[in-house]
Amino acid sequence: MNLTLRVWKQDGPDSAGRLVDYPVTDIDPNASFLEMMDILNEQIMKEGNDPIEFESDCREGICGTCGLVINGQAHGPKRAVATCQLYMRDFHDGQVITVEPWRADSFPVIKDLVVDRAALDRIISAGGYISVRTGPKPDANATPIAKDKADHAFDMAACIGCGACVAACPNASASLFTSAKVSHMALLPQGQVERSRRVKRMVDQMDHEGFGNCSNIGECSAACPKKIPLESIARMKREYLRAVVIPNDAS
Amino acid sequence: MVPLKKALSSSLGKKYLMAVSGIALMGFIVTHLLGNLQLYGDGVAFNVYAKGLHDLGPLLWVAEIGLIGIFLLHVAVAIGLQGRNRGARSSRYVHAQKSKEGPSQMSALSKNMIVTGGVIFIFVVVHVLHMKYGVFSSEAVNAAQVQVKGEDAYDLYGRVVEAFKNPAWVAFYVGVMLFLGGHLRHGFWSAFQSLGALNHRLERPAIAAGAIVAVLLAAGFLGIPIFIFITNQGA
Ligand code: SF4
Ligand code: FES
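Protein sequences, first through last, are from chains A and B. One point on numbering: in this note's numbering, the residue at position 201 of the first sequence is 201, and numbering is uninterrupted. One point on numbering: in this note's numbering, the residue at position 187 of the second sequence is 187, and numbering is uninterrupted.
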């Protein structure tokens, strides 16, 4: 496959960026998108130029670092995959592919396609934890959890903190991410102690970071590699309302 | 515990305000349409209804002030939300964002609630001046009186008919009602989602109900000027 990559180049957080066109030739359709980027970078470096900066680690959809906006879609055209799980067979020969970083004021660009997603970490630090002592591994079924709740909590826990929800949202809202974390712990017995405090603190932090508001557009869920559903945002709204009326019993 | 004042000023709280005021406004719109359905008749019933409302006196004032308050709250909070949303991404995407579909409701309508809302806001001002205060009506129509149950009353029906004999007013009202439908298309289900009232089972039905509500209300209203225009041809 021969392609034209139109990539966002930006020297640092405060410099202006621009799109630069790179021809890439002879790409195997079964190469992954990031492998194609590696090939392009080798070619750029051979010519003595600075490679395109992008992030990746696990390359199997677990770590959440590899997000790119490809032709206006976070993690590219396929649903339920991270950029690292995207293959060139989903593109066609001769295509012009525009690659941009996650764009949100809360995610400053570090260089080129790499953004600083620490705002999401700060939301987690604000309340995405439990502080009850869980002790050694308990006997199986010592704490009964209904199967549907366990399944649901597990689905919410699948969030990898990639930030695609923010990137895809027309308002750059972090509601899907925050709600996945809130829901995950609100559903489990270990999460009950800090239930009210948690949602309040996480929402406070989310607002403080400057993310936009949720307009119920739902593009976040469509872009989410872990298919976190919109219903999790509804749950966060309920949890927050609940925190208005129910003081935290353990605080 | 979250103090109420703080809760309402958070990003979630502002959406609760939008949702509750939006649902109240939809309640008003439904009542307004039910009353106005009498315009599909000969006008006598409509004038009786209008006089009945007018005779409520102070009660009507209270209702009107409440309604204006809710309306302005909905508008003011929306403007605040919009400002924040624009500000959250000051460096925009060069390649336009493209929907991945599936669960997404991203569309020109859902992304432009502020635009459809703005059109409705301007319309409401014009509409109140037009139909309540007769600012755009002829003196003859404004002075006209009818007999309702033996008492003198304004001929509101006359004012409506005069307006909708004019194709320009018909086009204006019909056009704006399309915007109202567009606003409700996303606004209806969105209100319930913002309040946390939905889950995976209720989400799709709520979205579908939003489409039905949008079509019914828009069609109900925009049929009135068209009906009056057609039935008053040559009259
Ligand atoms: S909710 Fe989905 S899109 Fe958002 S950070 Fe988590 S995994 Fe990524
Ligand atoms: S590189 Fe880890 S999720 Fe893509």
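Warning: the hint list may mix true and false statements.
Here are the computed distance ranges between Cβ atoms for each label pair [to be verified]:
{"no.": "1", "chain 1": "B", "residue 1": "Phe28", "chain 2": "A", "residue 2": "Ile246", "range": "30 to 36 angstroms"}
{"no.": "2", "chain 1": "B", "residue 1": "Asn199", "chain 2": "A", "residue 2": "Glu53", "range": "26 to 32 angstroms"}
{"no.": "3", "chain 1": "B", "residue 1": "Phe28", "chain 2": "A", "residue 2": "Pro108", "range": "40 to 46 angstroms"}
Quick list of in silico lysine-lysine cross-link-like pairs, PhoX-like style, CA-CA up to 20 angstroms [unchecked claim]:
{"no.": "4", "chain 1": "A", "residue 1": "Lys9", "chain 2": "A", "residue 2": "Lys78"}
{"no.": "5", "chain 1": "A", "residue 1": "Lys78", "chain 2": "B", "residue 2": "Lys98"}
{"no.": "6", "chain 1": "B", "residue 1": "Lys98", "chain 2": "A", "residue 2": "Lys227"}
{"no.": "7", "chain 1": "B", "residue 1": "Lys132", "chain 2": "B", "residue 2": "Lys165"}
{"no.": "8", "chain 1": "B", "residue 1": "Lys51", "chain 2": "B", "residue 2": "Lys149"}
{"no.": "9", "chain 1": "A", "residue 1": "Lys78", "chain 2": "A", "residue 2": "Lys227"}
What the hints contain is simulated information worked out from the structure, not anything from laboratory work. Cβ atoms here follow ideal geometry from the backbone N, Cα and C, with glycine treated the same way.
Tell me if the straight-line CA distance from Lys51 of chain B to Lys149 of chain B falls inside 20 angstroms. Status holds; Cα separation ~10 angstroms.
Given the hint that Lys98 of chain B pairs with Lys227 of chain A, test it: the Cα-Cα distance must not exceed 20 angstroms. 18 angstroms, holds
Given the hint that Lys9 of chain A pairs with Lys78 of chain A, test it: the Cα-Cα distance must not exceed 20 angstroms. Violated. Lys9 of chain A to Lys78 of chain A sits at ~24 angstroms, over the 20 angstroms cutoff.
Outcome for the supplied range 40 to 46 angstroms, where the beta carbon pair is Phe28 of chain B and Pro108 of chain A: This hint holds: roughly 44 angstroms between Cβ atoms.
What's the verdict on Lys78 of chain A and Lys98 of chain B, does the C-alpha distance respect the 20 angstroms limit or exceed it? Roughly 12 angstroms separates the two Cα atoms, so the pair holds.
Phe28 of chain B paired with Ile246 of chain A, Cβ distance criterion 30 to 36 angstroms: With Cβ atoms ~32 angstroms apart, the hint holds.
Kindly confirm whether 26 to 32 angstroms is satisfied by the beta carbon distance between Asn199 of chain B and Glu53 of chain A. Given about 41 angstroms between the Cβ atoms, the range is violated.
Within 20 angstroms, alpha carbon to alpha carbon, are Lys78 of chain A and Lys227 of chain A? 12 angstroms, holds
Below or equal to 20 angstroms on CA atoms is what counts here, so check Lys132 of chain B against Lys165 of chain B. Cα-Cα ~18 angstroms, so holds.
In terms of the numbered hints stated before, the structure departs from hints 2 and 4, listed from lowest to highest.
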